[in-house]
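Asks: Sequence:
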Amino acid sequence: MLSCSVSFRDDKKLVIFSVKCNSQQYRPLRNARTNFFEPDWSPFLSSARLPIPVHPKKSTYINRLFTSKGSLFLVCPLSTVNNELIFFFFLAIYPSTCTLVTMSTTASTPSSLRHLISIKDLSDEEFRILVQRAQHFKNVFKANKTNDFQSNHLKLLGRTIALIFTKRSTRTRISTEGAATFFGAQPMFLGKEDIQLGVNESFYDTTKVVSSMVSCIFARVNKHEDILAFCKDSSVPIINSLCDKFHPLQAICDLLTIIENFNISLDEVNKGINSKLKMAWIGDANNVINDMCIACLKFGISVSISTPPGIEMDSDIVDEAKKVAERNGATFELTHDSLKASTNANILVTDTFVSMGEEFAKQAKLKQFKGFQINQELVSVADPNYKFMHCLPRHQEEVSDDVFYGEHSIVFEEAENRLYAAMSAIDIFVNNKGNFKDLK
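The opening residue of the sequence shown carries number 1 in the working numbering; numbering runs sequentially from there.
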């Protein structure tokens, strides 16, 4: 007894055949073949009503074959076409018997392509869903439920996610590759020494080529304009993995870390119940705080940012922060007084004083940031149950060892949560095409 169900992915790149057989053992992998035709190969197939012989020149060994709970799952790639598609699937179950399944469908194209560029581009509800989704995948991952194909997590099996990184990375690379693998995709790391981008090839040419071969691009670049260039010409979602203006994946991770440590209920946040928390940022006005301040305010968490004199937040970030704070019942404060910012703070956060690409000005910047180290003097005015956060890597001038390694520090938990932030971004922007509804 053989039954087969066919799942056609609307990205037009993946077909999943689920086969159940109650009476026979499956043949070895070498005897299982899948064959598919497209109208441009054999025009007459689009009107064929009866099974026809398998074309030997168009056959290919399947890419994946594995079992789960009595089912055999076959996953094969499919070239992109926009007209009617007809697939012919052939599976040898045992030498004398075979089954031919025919399925016809019409390919669909997403009406719009969404990218993850910054937190301020998202509605309050959308960002909260991203954080909630990250929490969901953390629970799944921790419960070790990822081996069950029917849990619907291997949504990207047989597909590729590109990582175009022009900057060094530890947490972003590991978390992105881990998240891609979680969904069954193959991560492909493309460092600045690996591809022609910026040497012999333009952003336009690189983007057109790479996006035609992968399902998503995680881009870690120097300039915000580079992210926008990728988004302009890509045919797949772009996930900003860091630029000089924003770092949205870090913001998702940070809010997940905060809600877990302070038991913040997303239901209460959505109902407008304010958590009464305060986050104090002590340090540079950089890409991390640009996204983190908006992220906190979207959760009703008040924000106080302390930077040295002469270092100011970008005006567009300040304007957006004020709007988000007002509608969520939070406060937004800018100051050059680190003690004032830290007073009664529930969360103390800092980052590097010298960002990648600013090494030429290191000595001048360190002199400018003198007195902005988070140490016992600052934490003494914070809430007694404060938590310390840092996106890493850290340097001695940013935070003292007793604070960084102390009982109030949650930096390593924060780092781990980068994995679940990447999972959430992939699930919503790739698996669900940027649609924040109907998540499974």
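Fair warning: there could be bad hints in the mix.
[As the list claims (entries may be wrong)] DSS-like mimics (lysine-lysine), calculated; alpha carbons at most 25 Å apart, straight line:
{"#": "1", "residue 1": "208", "residue 2": "167"}
{"#": "2", "residue 1": "192", "residue 2": "208"}
{"#": "3", "residue 1": "167", "residue 2": "223"}
{"#": "4", "residue 1": "367", "residue 2": "245"}
{"#": "5", "residue 1": "138", "residue 2": "437"}
{"#": "6", "residue 1": "155", "residue 2": "367"}
{"#": "7", "residue 1": "155", "residue 2": "167"}
{"#": "8", "residue 1": "142", "residue 2": "192"}
{"#": "9", "residue 1": "232", "residue 2": "167"}
{"#": "10", "residue 1": "322", "residue 2": "340"}
{"#": "11", "residue 1": "167", "residue 2": "340"}
{"#": "12", "residue 1": "245", "residue 2": "271"}
{"#": "13", "residue 1": "322", "residue 2": "276"}
{"#": "14", "residue 1": "365", "residue 2": "323"}
{"#": "15", "residue 1": "340", "residue 2": "365"}
{"#": "16", "residue 1": "323", "residue 2": "138"}
{"#": "17", "residue 1": "167", "residue 2": "276"}
{"#": "18", "residue 1": "142", "residue 2": "155"}
{"#": "19", "residue 1": "232", "residue 2": "208"}
Hint data in this document are derived by calculation from the structure and do not stem from the laboratory. A quick note: this is a predicted structure, and the numbers were derived from the prediction, not measured.
Asks: Compare the structure with each hint and give your call.
Replies: Status of each hint after checking the structure:
no.	hint	verdict
1	208 - 167	holds, 21 Å
2	192 - 208	holds, 17 Å
3	167 - 223	holds, 11 Å
4	367 - 245	holds, 23 Å
5	138 - 437	holds, 20 Å
6	155 - 367	violated, 50 Å
7	155 - 167	violated, 29 Å
8	142 - 192	violated, 34 Å
9	232 - 167	holds, 21 Å
10	322 - 340	holds, 19 Å
11	167 - 340	violated, 35 Å
12	245 - 271	violated, 31 Å
13	322 - 276	holds, 17 Å
14	365 - 323	violated, 31 Å
15	340 - 365	holds, 22 Å
16	323 - 138	violated, 31 Å
17	167 - 276	violated, 37 Å
18	142 - 155	holds, 19 Å
19	232 - 208	holds, 10 Å
In the structure shown, a violation is registered for the earlier hints numbered 6, 7, 8, 11, 12, 14, 16, 17, in ascending order.
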